[in-house]
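K.L.:
Sequence:
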Amino acid sequence: MSTTGRSESMNAFFDKYVHLKTTLKQFVEQYENALRDKWEKESRADYESFKSTTPCVFDYDIEQQFQAAYTNAKFREVQEELRRKSYCYPTLLGVHGSVQTFTVSENIRVGGGQKDIIFRFCWDEMSCDFGCQCCLFEFRGIVCKHVLAILTQKRVGTVPSKYA
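Residue 9 in the numbering used here sits at position 9 of the sequence shown, and the numbers go up by one each step.
Derived from the structure by calculation, the hints contain no laboratory data. Here the structure is a predicted model, which is why all the values come from computation and not from measurement. Ideal Cβ placement from N, Cα and C applies to all residues, glycine included. Mixed in with the good hints, there may be bad ones.
[Stated by the list, open to error] Keeping only pairs whose Cα atoms sit at most 27 angstroms apart, straight-line, the calculated BS3-like set for lysine-lysine is: (1) 41 with 74; (2) 74 with 154; (3) 38 with 51; (4) 38 with 25; (5) 51 with 25; (6) 41 with 162; (7) 41 with 25; (8) 38 with 16; (9) 162 with 74; (10) 162 with 51; (11) 74 with 51.
[Stated by the list, open to error] Estimated spans, in silico, between C-beta atoms of each pair: (12) 80 with 47: 18 to 26 angstroms; (13) 93 with 38: 38 to 46 angstroms; (14) 33 with 103: 42 to 50 angstroms; (15) 37 with 128: 37 to 45 angstroms; (16) 80 with 22: 37 to 45 angstroms; (17) 112 with 73: 30 to 38 angstroms; (18) 89 with 22: 21 to 29 angstroms; (19) 155 with 32: 47 to 55 angstroms; (20) 157 with 26: 23 to 31 angstroms; (21) 18 with 93: 17 to 25 angstroms; (22) 109 with 18: 36 to 44 angstroms.
Let the hints inform the model, and build the full structure from the sequences given.
P.N.:
Here it is, written out as structure tokens:
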């Protein structure tokens with residue numbers, strides 16, 4: 001999400017709580033109301049997630065691990081990354097001890113054509129620690145399609161709990 005998009009999203013969030021003539025005292029009270037409403041909405045989503053389960057659509061053990069760890073909404077984001085991994089093509093660059101370095105070429109649609117974007121990925125096979133240049137895990141808390149392309153290719157069945 002762009003900076004402008006985040007700003008617009010926050011504005012929309014606060015629009016129902018504050019207006020131009022809101023005093024500082026009212027703002028603080030309304031801010032507390034906004035946070036409470038947000039917390040309640042997230043709690044309802046968590047409750048709904050525990051009542052039902054989004055089914056797995058792939059035969060990967062790691063998909064089942066993510067299903068057990070995430071809310072339904074977050075798990076659907078992981079499933080979308082699993083779908084998109086089919087457009088990712090990993091290439092091993094080098095091995096240094098237990099650390100493997102890859103490039104992952106992601107084929108994306110741009111306008112009427114196709115374009116490849118290259119991402120760098122490092123994986124420590126012993127500890128199963130990894131990092132991808134796209135930083136999706138750091139920004140949204142889910143493993144990216146580039147990581148999933150390599151992990152499924154290597155037939156990794158589970159990831160450390162810090163990734164799930």
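K.L.:
Below or equal to 27 angstroms on CA atoms is what counts here, so check residue 74 against residue 154.
P.N.:
Holds, at roughly 24 angstroms.
K.L.:
Between residue 41 and residue 25, is the straight-line Cα distance small enough, at 27 angstroms or below?
P.N.:
Cα-Cα ~25 angstroms, so holds.
K.L.:
Is the Cα-Cα distance between residue 74 and residue 51 27 angstroms or less?
P.N.:
Between residue 74 and residue 51 the Cα gap is close to 15 angstroms, so the pair holds against 27 angstroms.
K.L.:
I want to verify a distance hint. Is the separation of the beta carbons of residue 80 and residue 22 within 37 to 45 angstroms?
P.N.:
With a Cβ separation near 39 angstroms, residue 80 and residue 22 satisfy 37 to 45 angstroms, so the hint holds.
K.L.:
For the pair supplied as a hint, residue 162 and residue 51, is the alpha-carbon distance within the 27 angstroms limit?
P.N.:
holds (24 angstroms)
K.L.:
In this structure, is the beta-carbon distance linking residue 93 and residue 38 contained in 38 to 46 angstroms?
P.N.:
With Cβ atoms ~43 angstroms apart, the hint holds.
K.L.:
Quick one, are residue 41 and residue 74 close enough, alpha carbons at most 27 angstroms?
P.N.:
Measuring from Cα to Cα gives roughly 15 angstroms; hence the hint holds.
K.L.:
Given the hint of 23 to 31 angstroms, check if residue 157 and residue 26 actually sit that far apart at their C-beta atoms.
P.N.:
Distance hint for residue 157, residue 26 is violated at roughly 54 angstroms.
K.L.:
When you take the CB atoms of residue 37 and residue 128, is the distance between them in 37 to 45 angstroms?
P.N.:
Given a distance of about 39 angstroms, which is inside 37 to 45 angstroms, the answer is holds.
K.L.:
Could you say whether the range 30 to 38 angstroms given as a hint is met by the Cβ separation of residue 112 and residue 73?
P.N.:
holds (33 angstroms)
K.L.:
Decide if the proposed pair is consistent with the structure: residue 51 and residue 25, CA atoms, cutoff 27 angstroms inclusive.
P.N.:
Distance of about 39 angstroms is beyond 27 angstroms: violated.
K.L.:
Starting from the hint 47 to 55 angstroms, judge whether the C-beta atoms of residue 155 and residue 32 obey it.
P.N.:
holds (50 angstroms)
Checked against the numbered hints above, the structure violates hints 5, 18, 20 and 21; every other hint is satisfied.
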